[in-house]
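Asker: Here the protein sequences come in this chain order: E and Z. Under the working numbering, the first residue of the first sequence is numbered 375, with each subsequent residue one higher. Under the working numbering, the first residue of the second sequence is numbered 83, with each subsequent residue one higher.
FYI, nobody ran anything at the bench for these hints, they're computed from the structure. Being a predicted model, the structure only gives us computed values, none of them experimental. Beta carbons are placed, not taken as given, at the ideal position from N, Cα and C, and that holds for glycine. Keep in mind that the hints are not guaranteed to be accurate.
List time: in silico EDC-like cross-link candidates among lysine to aspartate or glutamate, alpha-carbon distance up to 16 Å [unchecked claim]: (1) E:K426 x Z:D146; (2) E:K426 x Z:E142; (3) Z:K167 x Z:E147; (4) E:K437 x Z:D136.
Taking CB as the label site, the calculated pair distances span [to be verified]: (5) E:R493 x Z:T100: 26 to 32 Å; (6) Z:D158 x E:Q489: 40 to 46 Å; (7) E:D457 x Z:T100: 36 to 42 Å.
Facing chain Z, from chain E, some residues (calculated, C-beta under 7 Å) [said to hold, decoys possible]: (8) V481; (9) A484; (10) W492.
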Amino acid sequence: MSQNYGTKRIVTGAHYGLRDWLAQRITAVLMALYTVVLLFQVIVGEPLSYYKWAGIFSHQWMKTLTFVVIVALLYHAWVGVRDIWMDYVKPVGVRLALQVFTIVWLVGCAGWAIQVLWRL
Amino acid sequence: MADNAKTPRPVFRNIHVTDIVSYRLPPAGIVSILHRISGAVLFLLMPFIIWMFDTSVTTEISYDEFTSVFTAGCADGLIPGWFFKLIALGLIWAYLQHFIAGVRHLIMDATHRVTKEQGHSTAVITLALSVGLTVVLGAKLFGLF
């Protein structure tokens with residue numbers, strides 16, 4: 375088996391970034407479908423109130439779906455924001471700091487959102 | 083050969099930050115950069131989005147707190163209600179722009195329809211839809227109808 379790390383790592387060739395590219399599109403489809411599902415529930419029926427709004431998120435399937443979408447958003451935003459840093463920020467130290475900030479920001483946000491979802 | 087060496091060859095440099103204003107982008111280019119900007123806006127405003135989700139869905143009391151911020155503001159009116167509405171409008175635009183341009187991306191990826199003309203027309207449709215819907219929803223948000 376050929377060594378693909380350290381000084382012998384192959385850094386050129388096909389399929390670099392394909393996994394992230396594909397994941398970004400799959401998570402995008404998930405979030406787009408979720409938007410339609412949520413919007414449908416908001417628009418159909420009585421005018422929006424607290425009870426209707428909270429009722430939407432009281433179903434177990436909606437909670438599970440929302441959880442999946444939060445995780446999808448986390449990955450989607452990570453790929454997108456990392457692309458921005460890679461394109462515009464060249465100094466390695468600054469880029470690393472921004473990437474760490476991005477991860478902390480996203481994981482923190484996802485944790486908060488899941489916490490809200492959990493106690494409903 | 084000697085002739086070639088004398089004629090000045092065109093030089094293409096990277097666009098400097100100061101050139102951005104004078105650099106004319108085609109609609110597809112505008113959609114492309116707006117996809118980045120709207121994505122970054124959604125990323126940075128994520129805590130506000132989760133705050134809205136938290137207060138609107140947790141209890142009836144917090145729901146009132148959520149709605150009153152957009153009318154009465156917060157910190158005894160130190161931050162006025164219209165300011166929150168403006169942030170919400172920014173979010174609405176960013177979401178619509180990112181959503182519609184994202185669907186455009188997915189269609190292009192799925193169908194391999196990537197001609198110059200198609201890129202132009204779908205970009206114009208994307209911009210018209212996102213700006214149009216933002217104007218309509220913005221008017222609703224600020225109580226114009």
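Asker: It remains to establish, for every hint, whether it holds in the given structure.
Answerer: Status of the hints after comparison with the structure:
no. : hint                        : result
1   : E:K426 x Z:D146             : holds, 14 Å
2   : E:K426 x Z:E142             : holds, 11 Å
3   : Z:K167 x Z:E147             : holds, 14 Å
4   : E:K437 x Z:D136             : holds, 14 Å
5   : E:R493 x Z:T100: 26 to 32 Å : violated, 50 Å
6   : Z:D158 x E:Q489: 40 to 46 Å : violated, 29 Å
7   : E:D457 x Z:T100: 36 to 42 Å : violated, 24 Å
8   : V481                        : violated, 11 Å
9   : A484                        : violated, 9 Å
10  : W492                        : violated, 11 Å
The earlier numbered hints that this structure contradicts are 5, 6, 7, 8, 9 and 10.
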